[in-house]
Amino acid sequence: MHELSIALSIVNLAVQEAKNNGNSKLSELEVEVGELAGVDINGLDFSLGIILKSSRMNVGHKIHTISPLSRCNICKRDFKSTRKYTSCPFCGSKDTRLTKGNELRLKSIIVE
Amino acid sequence: MCGSCGCGDHHKHSHNLSHEQMHALGMEHHHHHEQPSVIEIEKDILSHNNNMAERIRGYLDAKNIYAFNLVSSPGSGKTTLLETTIKAIKSKINISVIEGDQRTSNDADRIMNLGINTVQINTETGCHLEAGEIYDTIKQMNIPESSLLFIENIGNLVCPALFDLGENERIVMISVTEGDDKPLKYPYMFESAQTCIINKIDLLPYLQCDIERIKQNALSINPHLRFFELSVTQGIGMENWISYLLQQIQT
Ligand SMILES: Nc1nc2c(ncn2[C@@H]2O[C@H](COP(=O)(O)OP(=O)(O)OP(=O)(O)O)[C@@H](O)[C@H]2O)c(=O)[nH]1
Ligand SMILES: [Mg+2]
Ligand SMILES: [Zn+2]
Numbered sequence: 000m001h002e003l004s005i006a007l008s009i010v011n012l013a014v015q016e017a018k019n020n021g022n023s024k025l026s027e028l029e030v031e032v033g034e035l036a037g038v039d040i041n042g043l044d045f046s047l048g049i050i051l052k053s054s055r056m057n058v059g060h061k062i063h064t065i066s067p068l069s070r071c072n073i074c075k076r077d078f079k080s081t082r083k084y085t086s087c088p089f090c091g092s093k094d095t096r097l098t099k100g101n102e103l104r105l106k107s108i109i110v111e
Numbered sequence: 000m001c002g003s004c005g006c007g008d009h010h011k012h013s014h015n016l017s018h019e020q021m022h023a024l025g026m027e028h029h030h031h032h033e034q035p036s037v038i039e040i041e042k043d044i045l046s047h048n049n050n051m052a053e054r055i056r057g058y059l060d061a062k063n064i065y066a067f068n069l070v071s072s073p074g075s076g077k078t079t080l081l082e083t084t085i086k087a088i089k090s091k092i093n094i095s096v097i098e099g100d101q102r103t104s105n106d107a108d109r110i111m112n113l114g115i116n117t118v119q120i121n122t123e124t125g126c127h128l129e130a131g132e133i134y135d136t137i138k139q140m141n142i143p144e145s146s147l148l149f150i151e152n153i154g155n156l157v158c159p160a161l162f163d164l165g166e167n168e169r170i171v172m173i174s175v176t177e178g179d180d181k182p183l184k185y186p187y188m189f190e191s192a193q194t195c196i197i198n199k200i201d202l203l204p205y206l207q208c209d210i211e212r213i214k215q216n217a218l219s220i221n222p223h224l225r226f227f228e229l230s231v232t233q234g235i236g237m238e239n240w241i242s243y244l245l246q247q248i249q250t
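Read top to bottom, the protein sequences are chains H and G.
The first sequence begins at 0 in numbering that gives the first Met the number 0 and counts up one residue at a time.
The second sequence begins at 0 in numbering that gives the first Met the number 0 and counts up one residue at a time.
Hints listed in this document are in silico derivations from the structure and should not be mistaken for laboratory results.
Bear in mind that the values here come from a model prediction, so they are computed numbers and not experimental data.
Be a bit skeptical, because a hint or two may be false.
Unchecked claim - For lysine-lysine, the following DSS-like pairs were computed, each having C-alpha atoms within a straight-line distance of at most 25 Å:
id : chain 1 : residue 1 : chain 2 : residue 2
1  : G       : Lys214    : G       : Lys184
2  : H       : Lys93     : G       : Lys91
3  : G       : Lys214    : H       : Lys52
4  : H       : Lys24     : H       : Lys61
5  : G       : Lys91     : G       : Lys138
6  : G       : Lys91     : H       : Lys18
7  : G       : Lys138    : H       : Lys99
8  : G       : Lys91     : G       : Lys62
9  : H       : Lys18     : H       : Lys106
10 : G       : Lys184    : H       : Lys79
11 : H       : Lys99     : H       : Lys52
12 : H       : Lys24     : H       : Lys52
13 : H       : Lys52     : H       : Lys75
14 : H       : Lys106    : H       : Lys79
15 : G       : Lys89     : G       : Lys138
16 : G       : Lys62     : G       : Lys138
17 : H       : Lys18     : H       : Lys75
18 : H       : Lys99     : G       : Lys89
19 : G       : Lys42     : H       : Lys106
20 : H       : Lys93     : H       : Lys75
21 : H       : Lys24     : G       : Lys42
22 : H       : Lys24     : H       : Lys93
23 : G       : Lys62     : G       : Lys89
24 : H       : Lys61     : H       : Lys106
25 : H       : Lys61     : G       : Lys42
26 : H       : Lys18     : H       : Lys52
27 : H       : Lys79     : H       : Lys99
28 : H       : Lys99     : H       : Lys75
29 : H       : Lys93     : G       : Lys89
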């Protein structure tokens, strides 16, 4: 269950960012999670909810999921992928890389 | 209500100073956002862990220390592998060990009994090691130059996958009793590793296990994996493994 510790890092980061922004009050945080980031999105949602509720900060949260996308290093085409290492569906090359779907980011915060 | 800034009667700041000036002077003052404002952050949530991992990498690099992050399900044989490896090469090369477990110092005691510089980290409820605690540990360990460092992670194939510990090489260990499809069930760990040790091959006669299937499954997740097939307790395959280790520090 690393989702709980990740949720805690998210909240800490968001609180810090709000502080850096002239001590404003955090009212919402928004995260982006790639489907291949290795994080269970329901678990993260649940953990964020629990932490924010128990801290009584009255902060909402949103999670955006990002679908994976790969690019072939040989024929340079993009394709939808389901894991980190996938062969290119166009030219068959194994020399591909994930360009999206690996994110674990605090996207934005809303402050008052 | 104050006409200049609309902040009510109890404001502390002087209107001779602009808002920016107050910031520059570090003066306490209020902020007014008429309506909630969105601030774009775009920061990696694991950036703290990743920064610490880079610091570890720099430190190890400077001292020519080669570090392994050893991960597996509980009981695949990580500590037994370390014991056997240490006995085989401690006369040739210096080895240090960091043991991660939720509780007890049993694994560290086993390694310490071999006269090895060992630190136990107990994560209590934590299900993985993080770079920050490894950094603190390494700094106090006084690891000699040109040596090997093994970090035995918590027995868990899920959570440790996400946390870079500044290692040179991540080894995922699977024993033949765990099922041929383990790599498919825990793809993140196999994806993030460079090396896969298949252990307990002495038990193959008693199992319906196909080593080639394990490898194919692992390679379908990560085509770059390098394999060792071992029976740590029976000493099978150990020469390959040991000579591989010795090469890492010569180069
Ligand atoms: N048959 C057989 N048993 C082995 C082998 N290697 C380890 N074992 C046994 O597997 C059991 C667990 O070994 P450990 O080395 O403690 O496993 P571990 O991965 O360190 O376990 P945790 O730290 O609890 O995750 C012990 O009873 C070992 O004797 C092997 O090659 N063959
Ligand atoms: Mg162990
Ligand atoms: Zn291609």
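* To do: Could you tell me which of the hints above the structure violates, numbers in ascending order?
  => Checked against the structure, the hints that fail are numbers 2, 3, 6, 7, 11, 13, 17, 18, 22 and 29, while the rest are satisfied.
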